[in-house]
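K.L.:
If you want the building blocks of each chain, they are given just below.
2 protein chains.
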Amino acid sequence: MKRAELIAQIEKKKSVLCVGLDTDIKRIPKHLLNESDPIFSFNKAIIDATVEYSVAYKPNIAFYESLGDKGWSALNKTINYLNRTYPNVFTIADAKRGDIGNTSKMYAEAFFETMNFDSVTVAPYMGVDSVRPFLAFEDKWVILLALTSNAGAYDFQLMENENGEALFESVLKKAQKWATPEQLMFVLGATKTEFLERVRKAAPNSFFLIPGVGAQGGSLESVLRNATNEDYGVLVNSTRGIIYQSSGEDFAQKAGAAARELQKQMAAILF
Amino acid sequence: MKRAELIAQIEKKKSVLCVGLDTDIKRIPKHLLNESDPIFSFNKAIIDATVEYSVAYKPNIAFYESLGDKGWSALNKTINYLNRTYPNVFTIADAKRGDIGNTSKMYAEAFFETMNFDSVTVAPYMGVDSVRPFLAFEDKWVILLALTSNAGAYDFQLMENENGEALFESVLKKAQKWATPEQLMFVLGATKTEFLERVRKAAPNSFFLIPGVGAQGGSLESVLRNATNEDYGVLVNSTRGIIYQSSGEDFAQKAGAAARELQKQMAAILF
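So the protein sequences, as listed, match chains A and B.
Position one of the first sequence corresponds to residue -1 (the numbering used here), numbered consecutively onward.
Position one of the second sequence corresponds to residue -1 (the numbering used here), numbered consecutively onward.
Careful: at least some of the hints might be erroneous.
No copy labels: a pair is met if it fits in one copy or bridges any two.
Claimed, not checked - Simulated crosslink set (DSBU-like; lysine-lysine; CA at most 35 Å straight-line):
#1 Lys103 - Lys262
#2 Lys252 - Lys171
#3 Lys171 - Lys68
#4 Lys75 - Lys28
The hints are simulated quantities; they were obtained by calculation from the structure and are not laboratory data.
Predicted, not measured: the structure shown is a model, and the values here were computed from it.
Using the sequences and the hints given, assemble the complete structure.
P.N.:
The following block contains the structure:
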């Protein structure tokens, strides 16, 4: 997907919402366990109920990988369903991959060809040749980890060099030489409130994928006031705040209501 | 597997060789393409031909993931074959995973439970809570990226803080507080010759997984002279130097000969 198409969807839906599909077989409503593919049934119902309010979907690959063959099959069905039914939605494989060049190329083929995701999250530790193979695919995106939402972000990402530049700033700076904002986004945790403006300053034109609103404690308002740019420039992810609102027959309806509520808050501030 | 068992295998085989199973459907001998599962047939033949000289096997997960269902099925058969036929061999899922806690837990389940690997490679960028869930499994190992073999290692891993400590040294230092050398190894690229002693000094008791000998240009002798410790302390990986020695019917025989040659060089220096 091109950047202009993503922005058009944001304007159409008045939303920067991304729904995380961290679908856990132990947490989905019990009545779905009778279905032939409970994970896909859950995802499909969640997508259908939230797509009016959401511009992006982000399956968390770990949750599928942990189920082996069945998980990969459910993931395949989910991305195929999204591509077929809602082709204007932006899709994110949250995989946090990254390896030496010939190996990153294989991961890129997995997520961009074998499956047809628009983007994949990538870890920066191994540097440019671990990222570049993902950039070789037209209209496909790398979403590079910069400052993550978890507590462990403080272990290395804030380490400063002699010029006072933190590791996450070096990542932002170098990576913008590797690709344009038409193909490269960054992960910025909503929980890192005190850094939102600093990150925006370091990457003024880039889109940020922002997890950490809701269960992890980040503030939506603070993100929308401090991390956006004139192209909106953010995709705000919510997972547990949407997909696990009910364990009954009404789980999808409740997910839809939660997505609508977030979309309303977004529209009130952004539009 | 326990550290003592790994050391016992090293002494028995007089080898610290790890064979990388980066099995690429485009590179395996053509006659295997008639088999029902060419990837597994290739792996099985390579394992059988090299196991006398090798203490560890390292499937590179990207190569399997890029093939979708078929790849995961071949990977499953490979790890099951290793566990059943050669239970004393140390197995490494080269996956470079790492995410927030609840997600890393899912990856740990994927590689330690759904599949029964002894170890998984993990990227350190997201810090302690991205690593800890992998450490909750008894006799299972984390192999944390420290200084990698690729050119991109120079982008961030050598960045120094105000005390002159490089990022890879911070990773080595902090991570040793998270786990003992009974459960934690580090990745150290053989190509980073000038840093081998410095890394050994920073983690005197740890095992290192050392890729980069052969196709990537690292020197086996330099690794064995500068990065070992009194427990040997290294697993030296070779992939392209072993598994793609021939594209004919004799591919396994040639792989066995290449592994034996490396084992001889190792024995001459270490024993």
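K.L.:
Hint by hint, work out which the structure violates, then give me just those numbers in ascending order.
P.N.:
Violated hints: 2 and 3; rest satisfied.
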